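Top line first, the protein sequences correspond to chains B and W.
Residue 307 in my numbering is what sits at position 266 of the first sequence, and the numbering runs on without skipping anything.
Residue 46 in my numbering is what sits at position 12 of the second sequence, and the numbering runs on without skipping anything.
Be aware that a few hints might be false.
[Claimed, not checked] Below, simulated EDC-like cross-link-like pairs (lysine to aspartate or glutamate); rule was C-alpha separation at most 20 Å, straight line: (1) 264(B) with 154(W); (2) 132(W) with 275(B); (3) 264(B) with 298(B).
These are calculated hints, taken from the structure and not from any lab test.
No experiment lies behind these values; they were computed from the predicted model shown.
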Amino acid sequence: MSGSSRIPEVLRDNEAEILAEWYKQQLAANTGHGTLREADLREQSRAFLSAFREAVQGGDLQNTRAENWTAVRDFLAEVSRTRARQGFTPAETAAIVFSLKQPLFDALAAAYGSDAAGLVKEIWTATQLLDRLGLLTFEAYQKTREDIIARQQQEMMELSTPVVQLWDGILALPLIGTLDSARTQVVMETLLQQIVQTSASIAIIDITGVATVDTLVAQHLLKTVAAARLMGADCVISGVRPQIAQTIVHLGVELGDVASKATLADAFQLALKRTGRVVSRLSAEGRG
Amino acid sequence: MERIPILKVGPNLLVTIQVDMHDQTAVALQEDLTDRIVEKRASGVLIDISSLDVVDSFIGRMLANIAAMSRILGATTVVVGMRPSVAITLVELGLSLKGVRTALNVERGMEMLQAEEQAETNAGRDPEL
């Protein structure tokens, strides 16, 4: 079937017209979600059409996974990736390929003239081919978005458990978001690892960014404190908001002998005091 | 059966656990240690568990027991060098070793015992002054 196809010939003879018409179609399909420079679009269209023509001339219009389609596949994947990052919708991205249909069909119709049966056959071949290429853009688009999501998840995980060294031997662990068992595990591991690395003797757990403290969260906090204590480090809980203090008492959560302070500054001062340090002004002039 | 060596360093006893702790070894250590505290009139006990990969509930309870026994005999126990993974396991088991003092490493543990002794001497001296 592919042997008798006149698509390669039609493409070769009418490349300029198809390109011009296709370019117009793409401009019309672009609803303005992403920003695309016209010069870029023209260049892209030209490059794709010539790659497409070469692939078609290699025969085998049914199998886009064949060797001679590599250039086309790579090109589409690259364009889809770029467009996904630029904020185009999937429909707009797929329209690159689908908008080629009309100009190609027009050219085929002109070439076949009154041979309706031949034309239908050719149009079917071309449709199948372009549909497959369209799906390729979808896959590439989807994959790019998934990569972005995976990267962001990774970044969120890293952002959510930073352990900072405030002073020699004093660590701070600012907790943000909710504290479930999975998070607690990560938080605990990071904190204990840092205690070993920095030989810290005091760790300040700041819960300013924790929205609510229920019995479960409190239990997780106490677990972390107990684990740090087993490593020889004392914990101070800071950033306790008034509502949270009320909740803790109403829930009957027993914090035991764990020191807690309202602000990180107070906790830091306590930590300095416990490690035998004081903060003082340099001179009387600084007072004000 | 293996016995864990107990070293005397100044007024303190140092126990470095470097073999896998079997239950029998642990019981033997308890006996040996209490004997030595009395014999050497030690005021502090350091137990270094930095080479222990696994601490189960039995060993955890044994550590707590040793601390309680030493306290009765007038010595302070400090467990030092616990690994992060061991600490997490113990907490998950619900064993937070309340009543056992802990320190990051032997050095810190020594400082702790010295400070303790200092405080005790001072406290003992005060009424005389």
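(request) Return the numbers of the hints above that this structure violates; sort them in rising order. (result) 1
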